[in-house]
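First to last, the sequence lines map onto chains D, L and C.
Numbering of the first sequence is given in our numbering, commencing with residue 1 and proceeding in unit increments.
Numbering of the second sequence is given in our numbering, commencing with residue 1 and proceeding in unit increments.
Numbering of the third sequence is given in our numbering, commencing with residue 1 and proceeding in unit increments.
Because the hints were derived from the structure by calculation, they are not lab data.
The reader is advised that the hints may include incorrect statements.
The list that follows gives simulated cross-link-like pairs (lysine-lysine, DSS-like), each with its CA atoms no further than 27 Å apart [as the list claims (entries may be wrong)]: (1) 459(L) <-> 29(L); (2) 303(D) <-> 247(D); (3) 68(D) <-> 99(D); (4) 321(D) <-> 303(D); (5) 459(L) <-> 541(L); (6) 268(D) <-> 86(L); (7) 187(C) <-> 8(C); (8) 459(L) <-> 303(D); (9) 218(D) <-> 99(D); (10) 99(D) <-> 61(D); (11) 8(C) <-> 88(C); (12) 130(D) <-> 8(C); (13) 540(L) <-> 466(L); (14) 218(D) <-> 130(D); (15) 268(D) <-> 282(D); (16) 61(D) <-> 466(L); (17) 541(L) <-> 53(D); (18) 234(D) <-> 86(L); (19) 209(D) <-> 255(D); (20) 130(D) <-> 234(D); (21) 459(L) <-> 61(D).
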Amino acid sequence: MLAQVNFGTYGRWFPPQLSVHGGDIDYLIDIVHYFMLLLFVAWGSFFVYALFKFRQREGHKASYHLVKGKISKLAEALVIAFEFLVLVAFSMPVWATYKNDPPTSADRVEVRCVGQQFEWLFHYPGPDGKFGPRNASLITTSNPLGLDEAAPDSADDIQLINEFHIPTGRDIYVRITSKDVIHSFSIPTMRVKQDAIPGMEIPVWFKVKEGATSHAMKFEMTRDYGIDELNWYKLRHHVAVDDYRDKSGQVIFAKGNDLGSTYVDGQKRIDQLRAAGVASVKLEPRAPLEVVCAQLCGNSHFKMKAQMIVHTSSEYEEWVKEKSKPQADVEFEGF
Amino acid sequence: MAHTHAAHAQDHSHDHGNEHEHHLPFWRKYIFSVDHKVIGVQYTVTALVFLFIGFSLMMIMRYQLAYPGSPIPVIGQFLGEPIVGKTADGGYVMTGDGYNMFGAMHGTIMVFLGIVPLAVGGFGNFVLPLQIGAPDMAFPRLNMASYWVFLPGGLLMLASFFMTGGAAASGWTMYPPLAVTAANGETMWLLAMVLLITSSLLGSINFIVTTVQLRVPGLSFFRLPFFTWTQLVTAFLLLLAFPPLEAAAVMQLMDRVFDSSFFMPSGLVVSGVMQDQLAGGGSPLLWQHLFWFLAHPEVYVLILPALGIVGDIVANNTRKPLWGYRALVHAVLFVGFMSFIVWAHHMFMTGMGTTISTFFQATTMIISVPSVIILTCLLISLWGASIRFTVPMHFALAFIPMFGIGGLTGLPLGLTAADIHLHDTYYVIGHFHYVVAPGTIFAMFAGIYFWFPKVTGRKMNDLLGKIHFWPSFIAINGVFMPMLFMGMAGVLRRQFDQTEQLHGATVHGLTLMSSWSAWLLGVAQIPFIINFFWSIFAGKKVGENPWEATTLEWSAPSPPPHGNFAGTPVVVCGPYEYSVPGHERDYLMQAGKMEA
Amino acid sequence: MTRMYNGKFGLWLFLTSEVMLFGALFSTYVLLRVGAPPGTWPMYGLTAPQGDQILSVPLATVNTVFLITSSVTMVMAWASLKMNEFAKGRIYLLVTFLLAGGFLVIKYFEYKSKLTHHQVILREAPPGEIASAISSVEVPGAVGKSTLYYVNGHVTEQNDEFIKIIPDAKAGEKAAAAGDGHGHEVKIDQTLVRRSTVWGPQASTYLAIYFTMTGLHGLHVIGGMIVILYLYLTAAGWWKRMPEKLVNRVECTGLYWHFVDLVWIFLFPVLYLL
């Protein structure tokens, strides 16, 4: 219910929820907040009422004798009972789904994810389903995962930086670790979060709802913004869907461009659009789904994010086939 | 009983030998003093200065958060590298490192240099011996030592800003391997913490021995003011919880300085460089366990003294005894005990299995119960009261719903499944700030307005107090309420630029609201600062008991002389005998008579 | 209030915090040892129990005797003073101090032997001529397993070009015919060397916790010695003015000293025997 409140293009109260089990988490948070609200309103009303009724005034004396506490004891017992119920009936089962039974289906997608300062490295086994062996001593700037290219299993492996491709409707099994410091693999739209701890490999798993592809998300998040609604801070990750021209026909805001790379540039462009008499602008998010880092990992912690591209299952298979071909030049941007 | 008490008090007076107060030179009377009142004031003033510094760091950070990438006006030029970098057009923009430094130091300073020294070192030192009728602490020289280890520790912590590499930038939580590999002031942080922890240890021993041994005749445990009880439990928490962090700090120092691998796993590759010089085999989680083993009881150290202050002030201004005194005492004892077995709820996302997480989830739920009891007792204490809206009561009353929000928002965080979404988001920041800022800090203000007359013999100005209160109350909610919403929207903490992530960008309006409220909050403290200093010299003079209160400190002169009481107070009743039927005055002093 | 005098109560509280401090370190020991990959605890290539491989049990046994005896003499000091036998009490204080000093002297030699012992780790498999002196072990890493080549021994010469080291006998090997229990000197090119350290806290997590725990314990011994010396030197003055106070101070110091002894009684088996 709370998820319906709209805060703008992305956040409703919560971010969009695209996974099969994420809704359970939202539901739990909702229930607990109803409970919290109930308690707060009850306490709060009592509080305000008491402040008014028992304020010091002429002819009114405080009573030395203490009021009997039967109601409060009952209320306290109810509070405890409710908390216990929430714990046992909701939180524990949901946690168990996330932690106890890793998926073993034949069509599950297994990916290794290695965090490093300040990017996410993704390693796919390719069509043969086997990960090539890795060795720390082979790590270089062009081989950040230390993959042993000579081994036969490595031939069809896919290595990506900051790009996470997954299909809808299939179990996604991600094995997470880190090379240097503690990071945290977090996909807000899938309600997934797991610390990436060097020296440990920790799996997470989730499944994307059918139809919740990046393409669909982009479409859903595309809309018109009135000229006065434009705010560079809020819309810096959005790009124009059409060209926008000024009065003389020159393009001032080209299709596929964002408002600017800094606030100052953004303001300039918005002013330009306003001067050109543009009433509204249609924008779409450049990358609607992200994997972000949720544990402080250094001075560029805030920039550590990967684009998550959700395909349909068949699109995903196509992508894997294409990507796993031996590439002539695999370029990495280094650190 | 009276003889034993005198004997215990004698333990200390023999140490003084033949020293008399008026023979002491200035530096021994006011600087290296062994008088708990002087030490209490020293702690208070030092802590307030540190709090001001910590708050200023945050006000600067909030500029970067509100207008990411914009040059910081006016003060940007004074901040220097690496905190700010100069842009092409000559503006000074905060750097990622600078933001992280300010963030880590804001947390550290507020918690370890600000609130604990104020709540325990300041209020505890000054008020506790008075409230139990003692002439001083059990170990006055240890008390002095405790302050003079605290001050260098605090200064060392601040000095790190001026060293090469700047201050620590790995969060107040200092998680390795980041904290070990970072080229910033983490080493200084660790050294300063060793000093601060030592100071705290010396203090806590003193508080416990004093409270147990030096109570005057008639003052049984269940006649102690609630404030004293909270200080006692707090002292136990400090005594037992800090040592593991001290051990951990030493180990992290060794990792940084001697390249040991307590917290460094094998095979680390940092910035492309294999960390060959390390043996490896260590565990980053080891640090987390040791750190949070302290840091969770630490947050109860932050709240318990505040609850004590609010309790005393509520009783005084409702003109009736606190409701559920016994329940309150049992609740704080229970909270103290439970606080040692909840720590791993800070670590739910570290790959914890179902068994351990269930245990900690359960203990976390259980620990919410005594907090609910305490809050409920304070609320019911208002029933049948005659409420005086004095300035201390304004802050004490505001504390109640604010602590309520803080406590309630802890519930979704304590449930592991909900924590998946909320962990390391602004929801956490909103939660704990609600408890500490409009919670504890408001209680600190309440305590300052309340005990100022006892310390100085003058009252603070009421009008200025209310001008301080209302804007502060509104602004502080303006800072932290948006954070709860931002957290639910998924905005993560410790982000130099929240708009870099899509879900952060769209709720930027909430960030703006927090920042402007924070600046307003800063301005709202000006009446307090003016009031504080002006009242020391020109405040209305008052006698022993301006608030018509009952506890023992109000039977001493304002300010109390060395040795505190004219004789030995003898306690004849409980701490909150207000509006007792059959008496003309609506309060009875706890000190029935004064023995020579 | 309790029937204890303030100082004693305060000291007991202090001891509880010390229990938490050393408790944290013992817990750290357990966690590090349980989490150590096979072949890396206590050091690369050695497996627990380490016994004679790293630490000297005989020396530590002597130390244990010293400390336990010093605890006894400490009690005797207090008892003598309590029974009004000032001279005896003072002598017992001195003996306690000297026994503690003996403990520290042995500790010094223990540390020295560690810090003059070396470990060299190579970047890759060693060339044929030195291969026989080099051992190997497989260790896990963030990115996968790797093989580690290393040698423990005493460095005779070290500069920017090479390291000359006399290797220790490998586990299970008989001592070489050189007669000093070690193999022949081996020369290793610096280009092959990944890391060369003494057997200090940086060499392994076992040594790290060993140095930390015994170091911290040692600092506590030194602290105790300072107080005992102070009591010894000022005893006469206190005995004249306030004998009861002296007795109490000796008692409190004794409590602290028993604690220090107790910590060692746990340290000894955990670090040396298990």
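Does residue 99(D) sit within 27 Å of residue 218(D), going by the straight-line distance between their CA atoms? Status violated; Cα separation ~31 Å.
Is residue 130(D) within 27 Å of residue 234(D), Cα to Cα? violated, 42 Å
If you draw a straight line from the CA of residue 61(D) to the CA of residue 466(L), is it 27 Å or shorter? holds, 25 Å
So if I understand the rule, the pair passes when the alpha-carbon distance is 27 Å or less; does residue 187(C) with residue 8(C) pass? Distance of about 60 Å is beyond 27 Å: violated.
Hint consistency between residue 268(D) and residue 86(L) [alpha-carbon to alpha-carbon, up to 27 Å]: Status holds; Cα separation ~22 Å.
Mind checking the alpha carbons of residue 68(D) and residue 99(D) for me, to see if they're no more than 27 Å apart? Between residue 68(D) and residue 99(D) the Cα gap is close to 46 Å, so the pair fails against 27 Å, i.e. violated.
Would the hint linking residue 99(D) and residue 61(D) be met if the CA-CA limit is 27 Å? violated, 59 Å
27 Å limit on alpha-carbon distance, applied to hinted pair residue 218(D) and residue 130(D): Violated, because 33 Å separates the two Cα atoms, which is more than 27 Å.
Do the alpha carbons of residue 268(D) and residue 282(D) lie within 27 Å of each other, as the hint requires? holds, 18 Å
Between residue 541(L) and residue 53(D), does the CA-CA distance stay at or below 27 Å? violated, 33 Å
Quick one, are residue 234(D) and residue 86(L) close enough, alpha carbons at most 27 Å? Cα-Cα ~25 Å, so holds.
27 Å Cα cutoff - pair residue 303(D), residue 247(D): violated, 38 Å
Violation of the numbered hints given earlier is confined to hints 2, 3, 4, 7, 8, 9, 10, 12, 14, 17, 19, 20; the remaining hints are satisfied by the structure.
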